[in-house]
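Q: Sequence:
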Amino acid sequence: MDDLITYLAMDRRFALAGGYALADRTHGAALFVDISGFTPLTEALVRELGPQRGAEELTRYLNLVYDAVIDELHRYGGSVIAFAGDAITCWLDGNDGERAVACALAMQRAMQPFAAITTAAGSTVTLAMKAAVAAGAARRFVVGDPTQRVIDALAGETLVRLANAEHQAQRGEVVVDEVVLAQLADRLLLLEKRHDATNGQTIGVVQGFASAHAVEALAAPWPPLAGSSLTQAQVRVWLLPAVYERLRRGLGNFLAELRPTVALFVRFTGIDYDHDDAAGQKLDAYIRWVQSTVARYEGTLIDLNIGDKGSYLYINFGAPLAHEDNADRAAAVALLLRARPQELAYIEPIQIGISQGQMRAGAYGGTYHRTYGVLGDEVNMAARLMMAAEPGQILLSESARRSLSQRFAVQNLPPIRVKG
367 MDDLITYLAM DRRFALAGGY ALADRTHGAA LFVDISGFTP LTEALVRELG
417 PQRGAEELTR YLNLVYDAVI DELHRYGGSV IAFAGDAITC WLDGNDGERA
467 VACALAMQRA MQPFAAITTA AGSTVTLAMK AAVAAGAARR FVVGDPTQRV
517 IDALAGETLV RLANAEHQAQ RGEVVVDEVV LAQLADRLLL LEKRHDATNG
567 QTIGVVQGFA SAHAVEALAA PWPPLAGSSL TQAQVRVWLL PAVYERLRRG
617 LGNFLAELRP TVALFVRFTG IDYDHDDAAG QKLDAYIRWV QSTVARYEGT
667 LIDLNIGDKG SYLYINFGAP LAHEDNADRA AAVALLLRAR PQELAYIEPI
717 QIGISQGQMR AGAYGGTYHR TYGVLGDEVN MAARLMMAAE PGQILLSESA
767 RRSLSQRFAV QNLPPIRVKG
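In the numbering used here, the protein residues as written are 367 to 786.
You may find that some hints are simply not true.
Distance ranges between label pairs, derived from CB positions [stated by the list, open to error]:
#1 L430 to D643: 39 to 45 Å
#2 G488 to E709: 55 to 61 Å
#3 P589 to E709: 41 to 47 Å
#4 N778 to D691: 46 to 52 Å
Keep in mind the hints are simulated off the structure, nothing from the lab.
For every residue, glycine included, the Cβ atom is placed at its ideal position computed from N, Cα and C.
Hey, can you work out the whole structure from these sequences and the hints?
A: So, in structure tokens, the structure goes:
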């Protein structure tokens with residue numbers, strides 16, 4: 367059971383064990399952590415060791431890095447709410463941002479051993495982390511069909527400010543939004559302030575605390591919680607069925623592998639997370655419908671993330687279930703998602719991006735918190751195509767278009783430049 371509960375947020379584990387619900391409306395600090403450098407590390411390891419051994423060695427590094435980072439998060443009483451590729455969104459409940467900033471600084475220290483990784487063949491790759499902190503009110507939801515997977519979701523204006531701050535952060539930095547900046551003005555040492563003219567927000571780049579001992583003094587670690595504190599019935603709904611079955615049968619975690627898959631990203635809007643008391647029910651209804659639609663074509667809803675420019679779904683075809691016609695399945699689902707039913711009319715026209723290629727699939731995250739993910743450059747491409755799409759439009763990469771059967775009509779568009 368210990369392996370199973372690592373797929374749940376830490377505060378969710380304690381809530382389930384204690385028989386209480388986490389509040390729908392809450393207040394605290396959100397922490398976004400993004401680690402860069404895994405793509406060149408992947409390329410170096412695959413070049414040196416081949417696809418299979420390279421993917422396995424990459425997972426070893428991923429687990430080492432996330433172990434170090436998430437250990438610090440748990441030491442400061444935080445919880446991982448969601449992975450988004452190589453990034454994690456975290457929540458520290460009831461905090462004005464001070465403990466979250468201390469946690470982020472501790473994470474940066476924990477990253478120092480990974481600043482330069484030298485592979486067995488002598489290649490050197492640099493890993494770096496950037497972190498952003500925002501504080502304020504948030505909504506906390508549990509959404510999804512229990513037969514597919516239920517998902518922890520964090521939403522609201524605080525997450526919008528978090529995303530805006532993160533966009534201004536650079537490698538190696540810890541930044542805070544204007545709310546935290548005002549609340550902790552006399553306690554933080556700043557390297558500089560930055561103003562974003564597009565949204566009018568100012569962030570602070572943190573050097574440390576005015577008190578030299580503040581970082582360690584603010585630690586508030588979670589107490590131990592054995593996996594036996596939860597029942598399998600409580601835990602299984604939080605895992606993808608394929609992941610749960612593998613762990614239940616004692617087969618260990620998914621072996622990392624590089625495999626051809628198709629990534630589909632959906633951007634949706636239309637839910638007022640801050641002011642609509644029914645926001646959780648609306649999100650739940652939409653996610654359940656998406657899961658049902660995706661399941662008909664044996665795809666997998668990998669991630670739900672809510673940020674500054676809407677809400678995002680990442681759906682994959684090819685992992686963990688492999689098919690020969692992944693692109694056709696993705697295109698069929700995209701068309702169905704675009705034609706939402708009348709009861710979901712509050713969802714505004716969606717934007718969709720689809721791409722195909724070799725991606726690394728498997729469980730990652732380390733000892734303290736894990737997820738099942740499918741990552742790679744084509745995942746990033748699908749996300750960028752989603753952002754470039756007009757409402758109601760489905761954009762495909764050239765690799766995905768080439769794999770489609772003739773039963774789909776495709777309009778060729780002029781080349782577009784995507785970010786990154």
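Q: All the hints need checking, so say for each whether the structure fits it.
A: Here is how each hint holds up against the structure:
At roughly 43 Å, the beta carbons of L430 and D643 sit within the given window of 39 to 45 Å. Between G488 and E709, the C-beta spacing of about 59 Å keeps the proposed range 55 to 61 Å intact. Separation of P589 from E709 is about 43 Å and conforms to the stated range, judged on CB atoms against 41 to 47 Å. Under the hint 46 to 52 Å, the C-beta atoms of N778 and D691, about 22 Å apart, miss the expected range.
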